[in-house]
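Q: This is what each chain is made of:
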Amino acid sequence: MEFLLQLMLGAYVVGAAGSLLGGDARWGQGLAALGATLGAGATLALGAVALLSSATLTLTLPGVLPLVGVSLRVDGLSAFFLVVVGLVGMAAGIYGYGYAAAYVGRYSLRRLGLLLNLLLWSLSLLVLADNALIFLLVWEVMSLSAYLLVLTESDQPGTVRAGNWYLSMTHAGFAALLGMFLMLSGGDLSTSFQAMREQTGGLSPLLRDIIFVLALIGFGAKAGIVPLHIWLPMAHPVAPSHVSALMSGLVIKTGVYGLVRVALDLLGGGPVWWGGTILALGAISALLGVLYALMEHDLKRLLAYHSVENIGIILIGVGAGLVFQRYGLMTLAALGLIGGLYHTINHATFKGLLFLGAGSVLHATHTRNMEDMGGLIKPMPWTAAFFLIGAAAISALPPLNGFASEWLVFQSLLGSAQIPVPEIAVFMPVAVGMLALTSGLAAACFVKAFGITFLAIPRSHEAAHAHEAPLSMRLGMGILAVVCVALGLAPAWVTPLLGRALTGLGGLPDTQTAFTLGVFLHAPDGFGRMSPLLTGLGLLVLLVAIPLLMRLLRVNQRLRMGDSWGCGRIGQTPRMEYTATAFAEPLRRVFAELYRPSKELTIDFHPESRYFVQSIAYKSEISPLFERWFYEPLLALIQRLARLVRRLQAGSLHLYLAYVVVVLVILLLSARWYS
Amino acid sequence: MIISYLLVLFKILLALLLAPGLVGYVRWLKARLQNRRGAPPWLPYYELSKLFGKEVVMSNNASWLFRVAPYIVFASAVAVTLLIPLIATDMPFDRVGDLLLVVYLLLLGTFFLALAGLDPGTAFGGMGASREMTVAAIAEPTIALAIFGLALGAGSTNLGRIVSATLAEPGVAISPGHLLAFVALFIVTLAETGRLPVDNPATHLELTMIHEAMVLEYSGRYLALIEWASWLKLLIFFALLANLFVPWGLAASHSPAALALGVIALVVKLAVLGAVVAIAETRVAKLRLFRVPELLSVSFVLALLAVTSSFLLK
Amino acid sequence: MNDALFAQLSTLGSSLALLFGITLLWRRSLSAYISAFRWQSAALSALLVAIGYLGDDPELYFVAIFFAALKVIALPYYLTRMEKQLGGERESQPYVNVATSLILSGLLVLLAYAVTRPLVIVSTLPTRGGLPLAVGLIFVGLFVVVTRKKALTQIVGFLVLENGIALLAALATFGIPLIVELGVFLDVLMGFLVMQVFVYHIHGTFESIDVDQLSELRY
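Protein chains in written order, with our numbering: chain A, 225 to 899; chain B, 398 to 711; chain C, 2 to 220.
Careful: at least some of the hints might be erroneous.
Unchecked claim - DSS-like mimics (lysine-lysine), calculated; alpha carbons at most 30 Å apart, straight line:
(1) B:Lys683 x C:Lys150
(2) A:Lys823 x B:Lys683
(3) B:Lys451 x C:Lys85
(4) B:Lys451 x A:Lys602
Because the hints were derived from the structure by calculation, they are not lab data.
The task is simple: from the sequences and hints, build the whole structure.
A: Quick look at the structure:
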């Protein structure tokens, strides 16, 4: 295992160095992609080995960093996240080789390759950190490299603004995390996590509550829970697509990792409102995320909003787990947390796949606007097939992976009847309803996303002349597509591993044997059992048997091509097709109270007669709830404060020096008095 | 063992055989109630054989997805049939899937049908797909809550367990929780199977149609598969309503007499539910599309009350 | 006395009353409001009879008769007459749209369940299962009064609210003494008559019974 750890760190460094030296040259790019892929592969292997053997590895390198030393630790939870990072990182590394080729001459490839490796390096290391200082340092490296990656296409409109939003949100979160770790460690950031675990029991309940709230804010800002989600739909779309996949698949998951690590592991669980708050925020994020995604016609922004939705689903599982843990229902707690973690890896794979697919579309058509796409299934059959798998998986359709994890989360919620306090339990059905609505709406949204993008007639010249993605990009997508199917069929084997990985966190018992009965996935203390593998097999058998039977029974097999039925009108043009806006219109009406859409209709009549219309312009927008009611007032407040501060800023150098002197004097005086 | 699996085969064949008859019967009864003579109840069988004998005309714009979708729709409906109780309480596939899987398998069919609706690029197909997905999405919470209500009573989401729990404790069947969940699921059945007042199965009027608009481009054997699957879906929902809430009559053993009784009980239950739907469709007018969410939120509230009262009785 | 049957019946009756209360939120026409109120009152009178029989309290039969006379026959009759005189006004645009109202009312019932839980735990009454539903009905009545615009629908909302209180009283105490019950009926009747006068005045002034218009009186 130590060899794998060294290989992992080494490969990323080689990749970064290769990119730095090679620049735009092919070998440099090859080395960058190779480093990322190999490093991610080693990450995956390390995680898998640790997960399968349930071994823990502790590594202390006192000499590397002065004062604190580097201490790393692989346990079940970090091994699981290593697997997630490795899977998506590998696919993105391979994909990036082809994708970045289009950047030659336009953007700096040197920077892209370097930062990509740095981001993967920090992601892999973050989950291994075993004291607060290392965690925070690596966290900051991750945030900054992601920020710089977002800025890759900085000449495009909106990119810099998105980067600024991301940077300020992530730093607000960092401030909260710093405060949280200071409280948790009693002021000494180099305290190891193990020491924290032992002393958190002695903290006062109020302090524990404050620590939890800070963790929720800090990790929530990274994970993108409502209302801290607004940077996701800005930053994810403008980044290069394989970076979007990493950000959506991995970077926001570090928020989940941190929350589980701190709330469950370090603090050992807490009062019921902790879990309840996470659950409620999760349910709200899930529903609002998918509702805003439905109104989005920019393919990558749509996917970014779906990340908010899926983080919500993950947090429903995690929150339910914490609630059950509080009441001592440990098997149910494990069920909820396993559901959450399972959805974490599932979302990482299918969202990674979808972002890579969107990248291929962007690569081929140079637009992210769905209204300009259409018919791409014919020129890009591979991309279309992969995207379809991702779309079906995220819509939780059996037998793909989204279904498996949503099933687990549902089962844990159904178990809520066992909560001994019915005042709490009675609100669980609301969460069930919201989760169900979310998954229904997600299916509607991905019918839109796939149908408008890939089906029917091309809506623009670019879409009509699209081309299939190069081999490396198809390979990257193919890996994730296979993983999506495999994770969907294999929950009976994956859940025991997760059960074992969670053992001991917050006093959870070892549940690895509780979940499966051979090929059947069994929800202990939940309500059901099922077998995705047999379901998948059954569907496959039926899909083969039905056409065969039809042939045997001499059903007419002839097929003739013809025009679409156009009510007698000849010649069908793309303008007659249903658009993405039109597709989402019924839902916009249904949820009008949330969207508060504004309509603007301008009709130019012919000057002679009102019976002749020269042009019609129709504009409709939905009102951005959070920007208007949360961020605009907040920004106004900050600006007002800034104006107050400006009074101090006279611009005179002497005045500033005087400030320094005054502060110095005050400090010295106070030190004299209080020591 | 073998008998169990043979029974499953028999169950599928029976469901496939009964489904067109059920639809024909509802149509015929509705016509009678409206003082029309109506087509004979076995007309759907003729329709199927006619469609299977005709060639397919496919739009130039459509892709391979259009050709695959009918098989996926049909296969998902048949797979669901494997999981639900029809004539006997013995269900060898009960462990393979629970009610949640049933719901999501049906959603799988809807998903691909909606995609196929978009594929030929006509306005009708898009309109139907958009509306179908809207209705399907809003119906989802009610279904989940009704499942929750049933599962609370039975301690399981697996259908076999729900059936046996109700059989063991008949008083549950008239508890408020059960009754409310039944009404909620009935409303959802109307929405999911495209009946009045949500969709009008008998019209081709572009302003109102949902399902018919989506499958407008289909013909020949593909249309036959899709129509058959949608009829099967009606039978599935009826069977769920009948056998989860009123499980009496399901054969408990493999004796021919019990099985025969099971078949008869199924037919009777389907006939009763069909009559209820026919009467309801005669009495109500179609709702405007944008009042459908109101109807579905009624069913949602009913399901919520069902779960709450299950908690109450606990 | 059969406690299990008693519990089942009281929960069933309360559920019915609550369902008819929620019906108000779904319907728009005034006549539907009135008939829902009438059915609800009928269910309540039947429940009163059942409680009287199973709780062995013959006085409740009289209460049930009065209840039915007032709320199943008299008040709906007057409401229908008013509706005819004022023209069939519909509740077409409530402050909160129908679907949202329904979901909110569902949440209100959950809330009622949560707040009455301590009471239900300590109670040993066979009727305790209906208590949360009665409180839920009170909430729903209030919700109708708050969110509906027409004066007549608000009156029905008020009457539903009153039904909720009556239900709560019947479940919690097996019917308060007859004389108190009669006083409450008189109160309701008086309240109704006063509101009736008001509605005619509003209609006379604004040619409409949309209470939104009352805000114009400020100027």
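Q: None of the hints should be skipped; say for each whether it holds.
A: Outcome of the hint check:
For the hint pairing B:Lys683 with C:Lys150, the CA-to-CA distance comes to about 27 Å; that is within 30 Å, so the pair holds. With a C-alpha separation of about 28 Å, the suggested pairing of A:Lys823 with B:Lys683 holds against the 30 Å cut-off. For the given pair, B:Lys451 sits about 59 Å from C:Lys85 by alpha-carbon distance, which is inconsistent with the 30 Å threshold. With a C-alpha separation of about 27 Å, the suggested pairing of B:Lys451 with A:Lys602 holds against the 30 Å cut-off.
This entry does not satisfy hint 3, going by the numbered hints stated previously; all others are met.
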